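In our numbering, the protein residues as written are 16 to 288.
Any given hint could be a false lead.
Subject to a maximum C-alpha distance of 20 Å in a straight line, what follows is the list of computed DMTMM-like cross-link-like pairs (lysine to aspartate or glutamate) [as the list claims (entries may be wrong)]:
id : residue 1 : residue 2
1  : LYS243    : ASP184
2  : LYS233    : ASP113
3  : LYS256    : GLU272
4  : LYS256    : ASP113
5  : LYS256    : ASP184
6  : LYS247    : ASP235
Quick list of the computed label-pair ranges, beta carbon to beta carbon [to be verified]:
id : residue 1 : residue 2 : range
7  : ALA105    : CYS232    : 42 to 52 Å
8  : ARG276    : ARG117    : 18 to 28 Å
9  : ASP184    : ALA216    : 47 to 57 Å
10 : ALA229    : GLN94     : 19 to 29 Å
11 : ASN36     : GLY218    : 19 to 29 Å
12 : ALA242    : GLU272    : 41 to 51 Å
13 : ALA241    : PRO83     : 30 to 40 Å
Quick caveat, the hints were computed from the structure, so don't treat them as lab data. Just so you know, these numbers come straight off a predicted model, no measurement behind them. Each residue gets a CB set at the ideal place from its N, CA and C atoms; glycine is no exception.
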Amino acid sequence: MTVHPAGVARQTKTLSWELKNEILELALHHPPCNEIGTAMLHDLEQFVAMLESAPEHARVLVIHSRQPAGFSTGADLRQLYAEAQARTPAERIHGIRDFLNRIHRVLNSIDASPLTTIAAVHGVTFGGGLELALVCDLIVADKLARFCFPELRLGLIPGFGGIPRLKRDIGNGIVRDLLLTGRSINAIKAQSVGLVAQVVAEGEALRVARATAAQICKFDPATRAAAKSFVKPIPREELEKEIDLFCRLFERPAVMEGLRRFVESTDAHPYLP
Numbered sequence: 016m017t018v019h020p021a022g023v024a025r026q027t028k029t030l031s032w033e034l035k036n037e038i039l040e041l042a043l044h045h046p047p048c049n050e051i052g053t054a055m056l057h058d059l060e061q062f063v064a065m066l067e068s069a070p071e072h073a074r075v076l077v078i079h080s081r082q083p084a085g086f087s088t089g090a091d092l093r094q095l096y097a098e099a100q101a102r103t104p105a106e107r108i109h110g111i112r113d114f115l116n117r118i119h120r121v122l123n124s125i126d127a128s129p130l131t132t133i134a135a136v137h138g139v140t141f142g143g144g145l146e147l148a149l150v151c152d153l154i155v156a157d158k159l160a161r162f163c164f165p166e167l168r169l170g171l172i173p174g175f176g177g178i179p180r181l182k183r184d185i186g187n188g189i190v191r192d193l194l195l196t197g198r199s200i201n202a203i204k205a206q207s208v209g210l211v212a213q214v215v216a217e218g219e220a221l222r223v224a225r226a227t228a229a230q231i232c233k234f235d236p237a238t239r240a241a242a243k244s245f246v247k248p249i250p251r252e253e254l255e256k257e258i259d260l261f262c263r264l265f266e267r268p269a270v271m272e273g274l275r276r277f278v279e280s281t282d283a284h285p286y287l288p
């Protein structure tokens, strides 16, 4: 990887980042589809530590995926189940709360960054992957992208901040639809309800996100940061309540049974009906 004068470039096991012409790009490349487990969380924490040092030459952050299947399927449920099976009930709750607190710190940091942030998404953008996209200021979606919160099928709710951020950004009708039905919506529908800023041709999301970022870089960064802070408050109290509710639900035997069915499924997409 080329190291630019600012030195902001790094590759880890699950992701990499690089600064190009004032645009910071974060690429997810953890097969099969950027499942967010302990490895990716650790790498995201490293990225956020760099991001919070606020390199003065960075103006825009673009997050995208190099995995053909999509942006991200969300939490690593197989790892979650294996760790839960190896722990006592009390240890399970302590472990899941610690994980949620850590991922919330990461996503809150990206959400609050003074940089303008763009998610360039394609394919599967589900669960925690959708929650990662939701922290960004803008979502540019490939026309084949699909969005879903499948957690209901496991007896859970989204745990990475999805509910408060959905409520912040779009109407309650679509929030309830996504949360209570578990079904997916396509990019056109997502744009019509205000979830997605731009829908582009297949394979064009990253190119259009980069072009949008270049346009944004023309404007005064202090003004952009002030405007972002004004129109995009972080719902911190609701985010804390979401963690508490997720942990209460996670204690139930039905959740372990749902995770077991997921892990043992031979379906290509066990997170879909």
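For each hint given before, does the structure comply? Return the numbers of the non-compliant ones in rising order. 2, 3, 9, 10
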